[in-house]
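Q: Sequence:
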Amino acid sequence: MTADVSPQQNPGARIDTSVPHSARIWNHWLGGKDSYSVDRVAGDEYLKVFPGIAELARASRGFLTRSVTWLATDAGIRQFLDIGTGLPTADNTHEVAQRAAPDSRIVYVDNDPLVLVHARALLVGTSQGATDYLEADLRDPAAVLAGAARTLDLDRPVALMLMGVLGHIADDAELRRILDALLAPLVPGSYLVSYDGTLPAGGGEFDAAQDEYNDSGAVPYILRTPEQLARRFDGLELMPPGVVPHTHWRPAATPDGSLPPAVDGYCGVARKS
Numbered sequence: 001m002t003a004d005v006s007p008q009q010n011p012g013a014r015i016d017t018s019v020p021h022s023a024r025i026w027n028h029w030l031g032g033k034d035s036y037s038v039d040r041v042a043g044d045e046y047l048k049v050f051p052g053i054a055e056l057a058r059a060s061r062g063f064l065t066r067s068v069t070w071l072a073t074d075a076g077i078r079q080f081l082d083i084g085t086g087l088p089t090a091d092n093t094h095e096v097a098q099r100a101a102p103d104s105r106i107v108y109v110d111n112d113p114l115v116l117v118h119a120r121a122l123l124v125g126t127s128q129g130a131t132d133y134l135e136a137d138l139r140d141p142a143a144v145l146a147g148a149a150r151t152l153d154l155d156r157p158v159a160l161m162l163m164g165v166l167g168h169i170a171d172d173a174e175l176r177r178i179l180d181a182l183l184a185p186l187v188p189g190s191y192l193v194s195y196d197g198t199l200p201a202g203g204g205e206f207d208a209a210q211d212e213y214n215d216s217g218a219v220p221y222i223l224r225t226p227e228q229l230a231r232r233f234d235g236l237e238l239m240p241p242g243v244v245p246h247t248h249w250r251p252a253a254t255p256d257g258s259l260p261p262a263v264d265g266y267c268g269v270a271r272k273s
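Going by the numbering used here, the sequence shown opens with residue 1, and the numbers climb by one from there.
Hints may contain errors.
Said to hold, decoys possible - Computed Cβ-Cβ distance ranges for the label pairs, DEER-style:
1) R231 <-> D207: 15 to 25 Å
2) S18 <-> T73: 42 to 52 Å
3) G217 <-> E174: 26 to 36 Å
Hints listed in this document are in silico derivations from the structure and should not be mistaken for laboratory results.
Glycine is no exception: its CB is placed at the ideal position from the N, C-alpha and C atoms.
Let the hints inform the model, and build the full structure from the sequences given.
A: Below you can see the structure in the form of structure tokens.
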């Protein structure tokens, strides 16, 4: 059985264990051990309503691995700004990027004190590159960019990664404001990499499970349609295959050439010209 993690001094003393938290639940679905009983109960209740969420979590991690590998190898990107990174699991951004290009520089951003407690696990990178952690809020792009500039050279291309985090921004206008503020200072040749869970046609189990989660006291997460999700890439050059289910973005080749089953989550990678 997974043991409750223990808050360690500050900032761990600020961890609220009375309500479930999305990063800890996600870690539970991925088989991690960094969660509290409240998170595991909420995660297991979610699974009862929508068993496909565990597969979606794994598919999301697969997209991160493939997209970061492609950016570091094919696109030549050496700087990654991963906002809302969540808790450490296998194949974190710095591990994938520095495996492909050891001189890659990565800045992780999160506002969860539990993630800060575990930051040391994220900060082990290659000697050729750099890995840093920034406690900041996605809703304050100026603070995010100012902190990231201590490690990243914003006069060179950056991969801006917003993986499964924009669903926490309920208002579409605020979401657009955040995106524009983060993208505006990035130079041409930078990329936006993003995914989120998407609303199935007609609602369904995923929608029902998410409604129950949003009523639990946790920070709500809003499911949008694939068409709504695609709008976050407006004004950018989408890389093939476009905005597609996680499992359909440059998957490993299969013997018969078929695509893996789709999941209720869409993703994309787009270049700033």
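Q: Hint by hint, say whether it matches the structure.
A: Against the structure, the hints:
Between R231 and D207 the C-beta distance comes to about 20 Å, which sits within the given range of 15 to 25 Å. Between S18 and T73 the beta carbon distance is about 44 Å. The supplied range of 42 to 52 Å therefore holds. Under the hint 26 to 36 Å, the C-beta atoms of G217 and E174, about 22 Å apart, miss the expected range.
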